[in-house]
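**Q** Protein chains in written order, with the numbering used here: chain A, 13 to 190; chain B, 12 to 711; chain C, 17 to 314.
Hints listed in this document are in silico derivations from the structure and should not be mistaken for laboratory results. Some clues are possibly wrong.
Just the calculated beta-carbon pair ranges, DEER-fashion [stated by the list, open to error]:
hint, chain 1, residue 1, chain 2, residue 2, range
1, C, Leu309, A, Ala128, 38 to 44 Å
2, B, Phe30, A, Phe35, 30 to 36 Å
3, C, Val19, B, Asn452, 52 to 58 Å
One-sided and incomplete, this derived list gives chain C residues near chain A with beta-carbon spacing under 7 Å [unchecked claim]:
hint, residue
4, Gly28
5, Trp31
6, Ala34
7, Trp39
8, Ala100
9, Thr104
10, Leu107
11, Asn110
12, Tyr115
13, Leu117
14, Val118
15, Leu140
All C-beta atoms in this analysis are idealised placements derived from N, C-alpha and C, irrespective of residue type, glycine included.
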Amino acid sequence: MYAQAFFVAVFGLAAIGFGVWVFRTSSMVRSALALLFSQTAVGCMFLAMQTEFLGVLQIMMMATEMSIMAIFMVMFMMDPGGMGGMDMTHQKRFSIGAGVVAAGVAIAVAVLADWAPVSAEAPAAAMQTRELGRELLGRSMMIFETAGITILTAMIAATAAAIPVQTPAHSDEKENPE
Amino acid sequence: MTSAQPITTKGSRQKQPRFAVLQAWVSRALARDLSCLIIPGPEVALAYGLDVTAAGMCSSATPRDATVLLIIGELSEQMDEAAAVLYAQMPRPRTILMLGGKTPPSLPDADVSADLSQKALTDAVERLQGLLAEGAFATYPEDFDASVLHVKIEYVCPMHPDVVRDEPGSCPKCGMDLVAQEAGKATSGHDHEHHEHHEHHEQDSPQSHEHHHGQGHQHGQAHEQGHPQGHANHKTGTDYTCPMHPEVSQDEPGRCPECGMDLVPREAGEVTPGHNHERPGHGHNEPESPQDHTNNKTGTDYTCPMHPEVSQDEPGRCPECGMDLEPREGSENGASGNNHDHGEHNHSGHGHDEHSHAGHEHGGHSHGGHEHGGHSHGGHEHDHGASGFMSMIEVTKDLPRSADGLAMDWIEVPFGPVFPGLPGGLKLMLTLDGDGVIEGNATSLVGMTNGDNDTEEMNAEAFVERLALATPLAPVSYRLLACLAIERAAGLADNPGTGRASALERERIASHLGWLALLGRQLGFTWLTQRASALQLDLRCASQKRLAALEPALRTLTARLGRTPLLKARLKGIGRLPADTPGLRGPVALAAGDAWARLWQRLDEIRTSLDFIRTNGEPELPGLRITDQASGRGEATVDTPRGQARLSLTLQSGRVTSYRLDTACSHHIGLVAELVEGQELGDALVAVGSLDLSPWEVMS
Amino acid sequence: MSVAVVLLALLGSVWLLAVVEGWTTTGRLRLTAPLLSGVAHLGRESIVPRTPDRLFFEAAPVLLLVVAVLAAAVLPLAPTLVIADMATGALFVNAALAYVLVALIMAGWGPNGAYAMIGGWRFLGQLIAYAMLIVMPITGVAMRAESLVTTVIVNSQDSVWNIVYQPLGLVLFIIAAMALAFRAPFDLPVAGGELGGGVDAEYTGVRLAVLRLARLTLVVTLALATTVFYLGGWHGPLLPPWAWSLIKTLAVAVSMLLAGRYLPRIREADLMRWCWTLGIPLALLNIIVVGILVLVVP
């Protein structure tokens, strides 16, 4: 129990630490990888909390997702190396405000929500996987499918919007950016 | 050891007395794990009949992985420099093995020297192993230094590329701190070429090298420019200016004296577009120097295709890279990404307060997003510039683009002169945008010169030898060419025998096999490299009978290539040359198509050459018939493996006084620029490889 | 105990692969060559290029080795010979191998060299081609086993190996695995003739030794994964289970190694096009076929 709490804390702090690093570096590549490792640490937190499937999934998906992000970054950023000493932050006042509000809401939910009694024993990992699968194919199917399609649409739309309109003569040479 | 002087290699590593036993053990392992980097290249080794693998070494693709620098023959001056750089890149302990010649001046004396023969090579490798086992680690390792390795650091102003100083300091024009960069490297964003010299990285102080990562340079500069020494001296108050002629400025509304347009209000501090607000006194209303205004004028200005920030009124050369400037429309796509937006801001004349204007100026050149979203940013008043939201679309929209429509920083990367998959001595400079080639050109570091100026007379025999030696990839062809030309100059009738022609055809087969080996190396097609190399070694001096025996093997090779999956996909449509391209010769002309067609043209030629030798008898090396004291002019043409070569020379009493050589490769090398442009990197290299350029046969 | 055994098996397989690799390149069969080469690398200078991203440069080879070993940790050599028999083993293999890409990006970015950088980004592009072809065939395998546990997956092939049950999946998985291990003909990020070593180009000495070890370990891990998912794992007559696992793994690994010798490097655009226009539809077809088989055949 204590060991579990310890590891959750360690990975949680690591996630926060990498999260801070995202904004403390001026290199976009470092920033992207810091974000990746922050998310990996969150995945490890899941593992420490005995939610094996979610943890492994998080660790796997984040590696791929952040890499896809890196592709977009390389395509559209002019300074991935941070030579220019670029600042990763902007709209500081607004972001601080938004951050404080969001943190307040999260804490409020954590404190005020009526969490069911703590179960003595987490279900076996295989059982969790099975139940998660049933959940995904049942009640939550619509939500997940919608989220997935939305993300895909957003990525394609963002790419399409970012690439300047080309003359038809050139457009056939282009590969699908995906 | 008997001698008092301990045996050490020239490139030995520091000996650590504490680890003496361990190091002795490691030395023995090093001696048995030899890999060599061949200079000028493995194809030259093959052409000389050297089999490195049989001698007990591996052939390494990069200097990082090599213990032995294997130099074959005399090196040209430029190759010598390249060799010094490569040697410096090799990790210690490193050794030099010199075959057939003396060690080039830039390098330390060879650890082992030997003749140009397989037997000598094998012996030399054994000696080298002994030497390494004993002397891989030395108490006082020798430093290696060569002038080519010294990187000159110069300091330039990011704003005024013409300001170049040897010392750090500030720019006399704008007062900015000068930025260090390598001399001669002003243009490329990437200072790390293959020719990196690792031994100097300690000496270069960290700040003397910006972190020139591939994409980064241009924006990096723009950004630095975005932090001038304060904007406090912006004047408040509005003046009126002409949207077309920003130098016009008056306190009251009115018409432009130059074009008659209505003047629009603007902030006083905004006189100048783009960069010059960093200049001292920029807040004044006086017209600024013309250079700073160009971008707001309609009409044409001149810019560098590589450096969009360069802009001037007149044609000329780019101060950064020396390229010819090209005209562009001043107001349309005119200004570079750095200052384009200013014009718009100026005429629209928003009544912003001073700070947001300062922000706008930044937005204009480094954070273009201000144009759209900048106003709503709550926090940018005090730390504008640094924290302005960067819209990459805005920043990059005026940068030059490659075929995929994405703007990236361009890096200039050398491929060669010693590069796996390209013939040694050929240096390919490619400007890359991601892995797309924007432009490229090839030069030969080992080419020949025409002897027009009677600089050195030599007797006919020596001339023949020299020409053959200068073209290691096709010595028989050029020997034949020289013999024919001299004989004709001497007035002798052509030799009716066919032995010479057979020898030429045999060399054609060997040369094409050498090309196949190179293709295999380029494509990572190991089997092809090994098979073609083995056949070439076997065949280069083979008799008619042996050639007949090898014929089935060659046919199998051809059939095998036809069946190889992915090969056609790799070569088809790459390096396409229209049939009417001027200057095509040899297989490149006959194939008149893409790399795939050229492959099959060469395979066909191997077959025809075999047939020719079968019917025309024993190959016989061309020797010069006696022409003593003859004089005259002669001209000959030989169809070398790479296409027709023409030699005309003047003979005076048995001595060659002048000659003029015209080779296929001299023409083909010019095609490279066109072939690589806009291609993916891999395709570009395949296209260059498919030309079968021999840098030795390029006339400079 | 099983940790030591599995690591030893990995190391032994890597050594054997290195021997075979040396044999094919030099034509000499020297059993000591890999050891000598390793020791020689320790003796060489390990150069740090000028202005590197030091953290990435140092971490990349180690990360590559760690993920290869981690992925192998959930793959069983015998019913009980597995380091961690996770409930999500098949997914974990994926998760660990996803970090191969991260390691390569770091190795490409770190040394501040043009060749390395292009190599790193090339692999990123390559991921987009092969990634789905790793996951989707594994989906088919897990469907048949009705479990993500690797030992259950092997047991599900008790009667009929997956190579017979879903051959299409095997073909796609092996191709994707070779692309993931960036072996020829998919060696775009290290391409000798195009990038002069690419992401390997700036590594020397000890770091290069680690990198090479990691690359070979990756091949062994992927071959072991192929064995577990498609070749019936430890199943086989006469020999003990672990021997069958090793034999199959080595056979797959050596054929992966040798296949590259006889093929030219694939074009990046072709790889992308074929994977998306051909590979993914086929992988979907495989899933449908397996689904039908699972439902129809008892």
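**Q** Going through the earlier hints one by one, which of them does the structure break, listed in rising order?
**A** Going through the list in order, the structure violates hints 2, 4, 5, 6, 7 and 8 and respects the others.
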